[in-house]
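There are 2 protein chains.
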Amino acid sequence: MAVYTDVPDEELDVFLSAYDLGSVLSLKGIAEGVENSNYLLRMTGGTFILTLYEKRVAAEDLPFFLGLMDHLATRGIACPTPVKGRDGKTLRALRGRPAALVTFLDGLSVRKPRTEHCAALGTAIASLHDAARDFAGQRANALGPSSFRGLAGACGGEADRVAPGLAREIETEIAALEQAWPKTLPQGVIHADLFPDNVFFIQSRVSGLIDFYFACNDFLAYDLMICLNSWCFEEGGQLNITKARALIEGYRAKRPLSSAELAALPVLARGAALRFLLTRLYDWLKPAEGALVKPKNPLEYLIKLRFHRHVTGPSAYGL
Amino acid sequence: MAVYTDVPDEELDVFLSAYDLGSVLSLKGIAEGVENSNYLLRMTGGTFILTLYEKRVAAEDLPFFLGLMDHLATRGIACPTPVKGRDGKTLRALRGRPAALVTFLDGLSVRKPRTEHCAALGTAIASLHDAARDFAGQRANALGPSSFRGLAGACGGEADRVAPGLAREIETEIAALEQAWPKTLPQGVIHADLFPDNVFFIQSRVSGLIDFYFACNDFLAYDLMICLNSWCFEEGGQLNITKARALIEGYRAKRPLSSAELAALPVLARGAALRFLLTRLYDWLKPAEGALVKPKNPLEYLIKLRFHRHVTGPSAYGL
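Residue numbers (this note's numbering), protein chains in the order written: chain A, 423 to 741; chain B, 423 to 741.
Take every hint as true, because none was put in to throw you off.
Identical chains blur together in the list; that is why a pair holds if it fits in one copy or across any two.
Derived DSS-like pairs (lysine-lysine); straight-line CA-CA distance at most 25 Å:
{"#": "1", "residue 1": "LYS450", "residue 2": "LYS477"}
{"#": "2", "residue 1": "LYS450", "residue 2": "LYS716"}
{"#": "3", "residue 1": "LYS477", "residue 2": "LYS511"}
{"#": "4", "residue 1": "LYS718", "residue 2": "LYS534"}
{"#": "5", "residue 1": "LYS450", "residue 2": "LYS511"}
{"#": "6", "residue 1": "LYS716", "residue 2": "LYS477"}
Everything labelled a hint here was simulated from the structure, so no lab data went into it. All figures in this text were calculated on a predicted structure; none of them were measured in a lab.
Based on the sequences and whatever the hints tell you, model everything.
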């Protein structure tokens, strides 16, 4: 549901004249990615995704995102590879917006991840972290804990419209996390948004990781807890400890977690839950004008946040 | 902008088990067709469009539409071919909706058709009419002149909200068309909705005609006038007589028009303009709940209607 910008055939021709990809066979607007306009482009030279970056992605961050995908793809990570034009560039303009072509990846996202999907995902995250180690780009996490007070404030005190007492609960949680947030865990480039719709599988093998537009530098284990929240809870709000264990053990099989990281998992999970609670709350209270995407229910993340708040150690995650 | 119904991977697997098309490579919701949910489905056995029919398409009409596409495709018309399952059937259920797979067609729709596109389209329409001659299915035109009073009534007297005097102008036009509408022109199966987004081209060759969900039995020349309205007017509202001539001559090169048909072109063009004026007016005044498609401006068709009302004969179309 995410095509915002229409691409006329004649403007497409001008854009594609910068590449050596043969002639156009078809262009279909696809319902993928919430933030941008995406098209599936079939050329005689292959199949690609054409992305027009809409205003929610900061133009100055695009070299980081495209550079990262290029870096990861050359190290064997199954992610979209930005395609270079004859001028060597991956980023140019189309319809007045920054635009790029990336390679198309086969695979399906899974609606109800099973344990084997969680295990494969864990390993894929560790591989991504490994492959990004020598990436030179740097981008601060714009949605990390230091952003939480601003996000809560942007909701304009209306949180209680969604659940009575929510504003106060968020306030208390922010204060607690400011105290408890780790200072010295292993850092690196994280994806930061690896929800099930951003991971493609062929059977239970990960065939693609997409949508790197929240990637940033942060604690590596935080990335894992974002996934624990989005992959390992059942619809009723209970953590599936078998899936949680599979995810984390899948990760550790490729990159061991230090004892400091293990001890920090509950607080990282709380921070990850609060981040999505806050952004969903904001989108719920202040839906974007003309948005074609229905805001997601923030309360799903309140339930997850409360779960992690009562966790005493990593054993709650099956470790 | 037209994916309404989500297809979970596990339900897709069940659906596809009825076919011999190999295994799934990818499924992307595409922004094509206003009435249905459409997905581009890549299988090891080929690329297809998966359509879930939403409530605006009457389920009892689907055998006509799918039967017609099958009939036309076997006669060499570049239209989607419904794919048969191992049971020989093309229509089955997915997510509680009628659903079908059709072949994928290459090509791009043109935003600003040029004269050569209009000429190629004219010939393609005549070929479609020819190929459908021995099609046994029958479907009345639910949006023909006999529907106009009902459509106008459904707008609930609110037409003047869109343009002062519009309700009265529509009323007068309906009465005039009831008098002037032809009774005995050559009939057959028409597409009835061949707007530029339903026609694919590779360069200036027609590579695909899609979206047969308004097809019905009606005057053949009426189909041509629907296209004249949607392909041959400039953005300012003027008829481009060069394009009109190219369209009609392209048609006549393949199927001659009788003198009765030629004489009837202006009144058919008025009827075609009024049909889209009325349905757009209705969608404008009564937008469908949850619709993701912005209603189109009805006044574009009022301008076309007025043009044809003052036409004295087919010479106005360059003949």
